[in-house]
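Colleague: Residues per chain are reported as follows:
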Amino acid sequence: MNCNIRAAALACATIFSFAAPALADTELKIYISSQHQPNVWRKALDQYEAKTPGVKVTIETGGNTSEAQAQYLNTVMSAKDSSLDVLILDVIRPAQFAAAGWTSDVEGKDLSTYLPAYAEANTVGGKTVALPAFADAQFLYYRKDLLDKYGIQPPKSWDELKTAAKTITDGEKNPELQGLSFQGKAIEGAVCTFLLPYWSQGKALTNNGRLSFDHDAAVKSLALWKSFADDGVAKKNIAEVATDDTRKEFQAGNVVFAVNWSYAWAQSQGPESAVAGKVGVARLPAMTGGESATCLGGWEWGVSAFSAHQDEAKKLVAYLSSPEVSKFMAINASLLPTYADLYKDGDVTKAAPWFADALQVVETAKPRPVTPRYNEVSETIRTTVNAVLAGVSTPEEGASQIESRLKRILR
Amino acid sequence: MTTTTASGPGSFLSGKPLRAIAAIILLVNGMFPALWILFTSLKTEGELTAKPITWFPHAPTLQNYMQAFSDQPLHLFLFNSFMVALLSTVLTLLVSVLAAYALARLNLKHRGLILAAIIAVSTFPLVTLLVPLFEIMRTLNLLNTWTALVLPYTVLSLPVCTLMLVSFFEGIPRDLENAAMIDGCTRLGALFKVVVPLCAPGVFTAGILAFVNAWDEFLLALSFNSNPQLRTLPVGIQLYQGEFAFPWPVISAALVVGIVPVAVLIVIFQERVVSGLTAGGIKG
Amino acid sequence: MATTTSLKISADVEPRQAAWVRWLDLSDRSLAILLLAPAALLLALIIVYPVCRLAYTSFFSLSLTSGLPAEFAGLENYRLMIDDPVFWETTWNTVLITVITVPGALIVGLGLALMANLPFRTQWPVRLSLLIPWALPLSFAGLIFAWFFHSEYGVVNDVLNRVGLPGVIWFNSPNWAFAAICLTIIWKTSSFMALIILAGLQTIPRSLYEAADVDGAGRLRQFFEITLPLLKPSIVVALIFRTITSLQTFDIPYMMTGGGPGTSTATLAMYIHQNTVSFLDLGYGSALAVVMFALSMCVTAVYLRMIRTKE
Chain A
1 MNCNIRAAAL ACATIFSFAA PALADTELKI YISSQHQPNV WRKALDQYEA KTPGVKVTIE
61 TGGNTSEAQA QYLNTVMSAK DSSLDVLILD VIRPAQFAAA GWTSDVEGKD LSTYLPAYAE
121 ANTVGGKTVA LPAFADAQFL YYRKDLLDKY GIQPPKSWDE LKTAAKTITD GEKNPELQGL
181 SFQGKAIEGA VCTFLLPYWS QGKALTNNGR LSFDHDAAVK SLALWKSFAD DGVAKKNIAE
241 VATDDTRKEF QAGNVVFAVN WSYAWAQSQG PESAVAGKVG VARLPAMTGG ESATCLGGWE
301 WGVSAFSAHQ DEAKKLVAYL SSPEVSKFMA INASLLPTYA DLYKDGDVTK AAPWFADALQ
361 VVETAKPRPV TPRYNEVSET IRTTVNAVLA GVSTPEEGAS QIESRLKRIL R
Chain B
412 MTTTTASGPG SFLSGKPLRA IAAIILLVNG MFPALWILFT SLKTEGELTA KPITWFPHAP
472 TLQNYMQAFS DQPLHLFLFN SFMVALLSTV LTLLVSVLAA YALARLNLKH RGLILAAIIA
532 VSTFPLVTLL VPLFEIMRTL NLLNTWTALV LPYTVLSLPV CTLMLVSFFE GIPRDLENAA
592 MIDGCTRLGA LFKVVVPLCA PGVFTAGILA FVNAWDEFLL ALSFNSNPQL RTLPVGIQLY
652 QGEFAFPWPV ISAALVVGIV PVAVLIVIFQ ERVVSGLTAG GIKG
Chain C
696 MATTTSLKIS ADVEPRQAAW VRWLDLSDRS LAILLLAPAA LLLALIIVYP VCRLAYTSFF
756 SLSLTSGLPA EFAGLENYRL MIDDPVFWET TWNTVLITVI TVPGALIVGL GLALMANLPF
816 RTQWPVRLSL LIPWALPLSF AGLIFAWFFH SEYGVVNDVL NRVGLPGVIW FNSPNWAFAA
876 ICLTIIWKTS SFMALIILAG LQTIPRSLYE AADVDGAGRL RQFFEITLPL LKPSIVVALI
936 FRTITSLQTF DIPYMMTGGG PGTSTATLAM YIHQNTVSFL DLGYGSALAV VMFALSMCVT
996 AVYLRMIRTK E
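Residue numbers (the working numbering), protein chains in the order written: chain A, 1 to 411; chain B, 412 to 695; chain C, 696 to 1006.
FYI, nobody ran anything at the bench for these hints, they're computed from the structure.
It should be emphasised that the depicted structure is a prediction, and the values quoted were computed from it without experimental measurement.
The beta carbon of each residue, even a glycine, is placed where N, CA and C say it ideally should be.
Heads up, a few of these hints could be off.
[As the list claims (entries may be wrong)] Quick list of simulated restraints, FRET-style, between CB atoms: (1) 340/A x 764/C: 37 to 43 Å; (2) 270/A x 435/B: 42 to 48 Å; (3) 340/A x 465/B: 43 to 49 Å; (4) 505/B x 56/A: 39 to 45 Å; (5) 778/C x 171/A: 37 to 43 Å; (6) 120/A x 501/B: 51 to 57 Å; (7) 764/C x 53/A: 36 to 42 Å; (8) 51/A x 767/C: 48 to 54 Å; (9) 357/A x 471/B: 38 to 44 Å; (10) 767/C x 120/A: 32 to 38 Å; (11) 175/A x 435/B: 33 to 39 Å.
[Stated by the list, open to error] Far from chain A, by Cβ distances over 12 Å, these chain C residues were calculated: (12) 815; (13) 857; (14) 878; (15) 1001.
All chains, full assembly: derive it from the sequences and hints.
Modeller: Next comes the structure, spelled out in structure tokens:
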């Protein structure tokens, strides 16, 4: 009697264990920063689940800063953890993740349909390693009302900006009013601070991962920012200023020109802002004789190399990076689209009118050096920018320091 | 309350005005940052960038506290931190009491070596062991559990607590244990029924030490317990900041909420803690 | 803390063991092993095994960003370390922080303890103000003091201005930034020192001082010849752990300056963390960790020798 029951139980269990996979959904886990409005992404994912029977997607939210997430993901991926299938990555990370073998390549998508900078940012060794989630760039914010008052047009060059700032601050006679605010603290944004004038002189820092450093251009770039502080156009303690400090001070009405990311726009029009309705955005000024350039931001979708569901994950990434989702996120979450034509799209501009102005800036965006050792590059550049702005090194010394360190890192 | 020695090094300062000055210095030194955070938590963000800076909030508001609880599950962070700290305290005390007893009472040949080894263990900062520890926790399937944190936190406090308890145990005359054992107690029974109660102040001190160490830890908690349901306080507080934004008033409110439990524990146990450190000087 | 007094067990008392212990026929020695086992197990799992892995990895060239597998490299990482100016700078910074803040906290703690030892009517506010800095998490303290030392919105400059002194842009200069960090660390750790010293002060019997009074010794001499010597045992233990922890300084500089300007306030622990978690150079990071371990061990050995010679 016992034997029969046991046999029956064993048979049942075996049948169930074979049937189970067929009945169960594939469960994908996607890692999103809690900063990037996971609740809106959830809606996009719900639509995907409806379109794709047999797939369920759960969201895991991670740290709030790019740094904290990087730390977390670095620890987790170093240990080859397979619990995450899709990762959201800061635009500076795909190269590192691909080189470390943490992401799988995503083939088959034509990167030229996206904004131009993304092709470079997401291609490593000729392979596509991530697809864009949403875009971001640094803008020149300015006080429309003050510029109008003094009859000044948005400056096209840094010299013009300096003159304009001086005219306005002299005229306003407000000791709290800063001419220009930018980021001098040793944060990731300081890398952009260095690169903006450097790129504007037509120079690239890396070429396919190899260093192509122009010493003079670097000195000019560092000297430019230092001159703002020395001439009183920017604060003396500009080396202490982080991204949010710029935003807060601009929002409080204490800044004429500001270099900042797209997030500052919505806040400047918000109820707590003293400058709502008085803000304009323009391309960043160029160096004399050069072109305007801005720093590419935004985030990318990557597929974890340790995921047990490679195909499903790749399909999900392709979906999340599609024009439909980009439009959805632009309208519902105010995230900058990754496709140029969406900026002019009627529905999008109805939801976020300023995107029409934003396009001309985002078009000039360039990606920061695409190299696996980006963290070291970043560390070098941002600490040097900070040291120069603090007056600890001269622009000449700073440029030499960056050159020698980058030579060791990017051989 | 314990009376302090009125003679000795402090006595030439025992005049009233000097006592008042000393009191002010002590209170300012100890409480100033905590009070500043308290005031900041009652300010609005605009007030923070006002110049000259204000000390007391102009229009105190509890808005930040409400936001602190609504922006993030602060109560969950508190709960997790509390449980993890409590469990590690209990485990630390248990393990160090046993180990301290062995070192204090059983005449071991290599006692000095073992003590040195225990101290040496604390020379390894957990920061540097992050990656290997993560792998261990993953292999043991302990990620996103309280256990993953309780074990390292216990090790964190083990050396100090053990050393402290060793000196306490050595201060208790053996006759007391012997008396208990003559009365029919076992050796371990004597330990828990006689020695530990007598060393209660020391045990409390070690307990608070372990609790505070566990409460404060950030890096491991960040890496091991990523599940939002299991986040501890230091990790949770980091979540109030955005990629760029750093809302000081809300974060201050969260900090105040984070410090209050520990402060309460301290006030309750402060008598025991200081007398615990004092009683360690019991001379045979 | 107690000075060890060893009493001999009366010869005719046989320590009774629990039934199961007797059954296992355990001697004192075996019981000791049993009691030490939990601690040993925990330490083996959490410390010994990871440290061994760390030491093992330090002999390999393993950088996750290279995409290459680990390659045996012998002492290469250590050779790179010797040529690495950042290594020397961070080590020097760490040593400097230790040399400044450990005695600094001792002196400040001594002062605080002497003040706290005054006959106050209510004790608990004094005790609380000594305990709060200690109980405040390191990361919070770093955050708070970074704000305090902000050149525009910080309290420190505000106070300086009110007293008529010019404010300092603390984080613009390596020296001032370093000073700010040391001040913060001293503030944080002097409380714990003060607690230990206070406890010691309160156990010194009045009779000793009274006898010294009778002998005609002045207060200062009493301090140096009675108070300090009796405080020594507790102070030394506190100093050991404080020094070891100081060599591992991470949270406060990390939160306050991130190591800047440049690398002037970066510590060895920060450099290890950066190499391991950010640069993903596990081989080099492990080698740095091994060196930090060796440094701590040396310091520990020196201290232990100091204790041994006393007993």
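Colleague: Work down the list of hints and note, for each, if the structure agrees.
Modeller: Going down the list of hints, with the structure as the test:
Against the hinted window of 37 to 43 Å, the Cβ-Cβ separation of residue 340/A and residue 764/C comes to about 42 Å, which satisfies the hint. Distance hint check for residue 270/A and residue 435/B: the Cβ-Cβ separation is about 43 Å, which falls inside the suggested range of 42 to 48 Å. Between residue 340/A and residue 465/B the CB atoms are about 47 Å apart, so this pair conforms to the stated range of 43 to 49 Å. The hinted range of 39 to 45 Å is satisfied by residue 505/B and residue 56/A, whose Cβ atoms lie roughly 43 Å apart.
Checked against the hint of 37 to 43 Å, the C-beta distance between residue 778/C and residue 171/A comes to roughly 55 Å, which is inconsistent with it. Evaluation of the 51 to 57 Å hint for residue 120/A and residue 501/B yields a pass: the beta carbon distance comes to about 55 Å. Our hint of 36 to 42 Å for residue 764/C and residue 53/A holds, since their Cβ atoms are close to 40 Å apart. For the pair residue 51/A and residue 767/C, the beta carbons lie near 51 Å from each other, so the given range of 48 to 54 Å is met.
Separation of residue 357/A from residue 471/B is about 41 Å and conforms to the stated range, judged on CB atoms against 38 to 44 Å. One distance hint, 32 to 38 Å for the beta-carbon pair residue 767/C and residue 120/A, holds here, with the actual separation near 36 Å. Residue 175/A and residue 435/B have their C-beta atoms about 36 Å apart, which keeps the hinted 33 to 39 Å range intact. With a cut of 12 Å on Cβ distances, residue 815/C stays outside the contact zone with chain A, its closest approach being about 41 Å.
With a least CB separation of 19 Å from chain A, residue 857/C remains clear of the 12 Å interface cut-off, as annotated. Listed as a non-interface residue, residue 878/C keeps its Cβ farther than 12 Å from every Cβ of chain A; the least gap is roughly 18 Å. Every C-beta of chain A lies more than 12 Å from that of residue 1001/C, the closest at about 39 Å, which supports listing it as non-interface.
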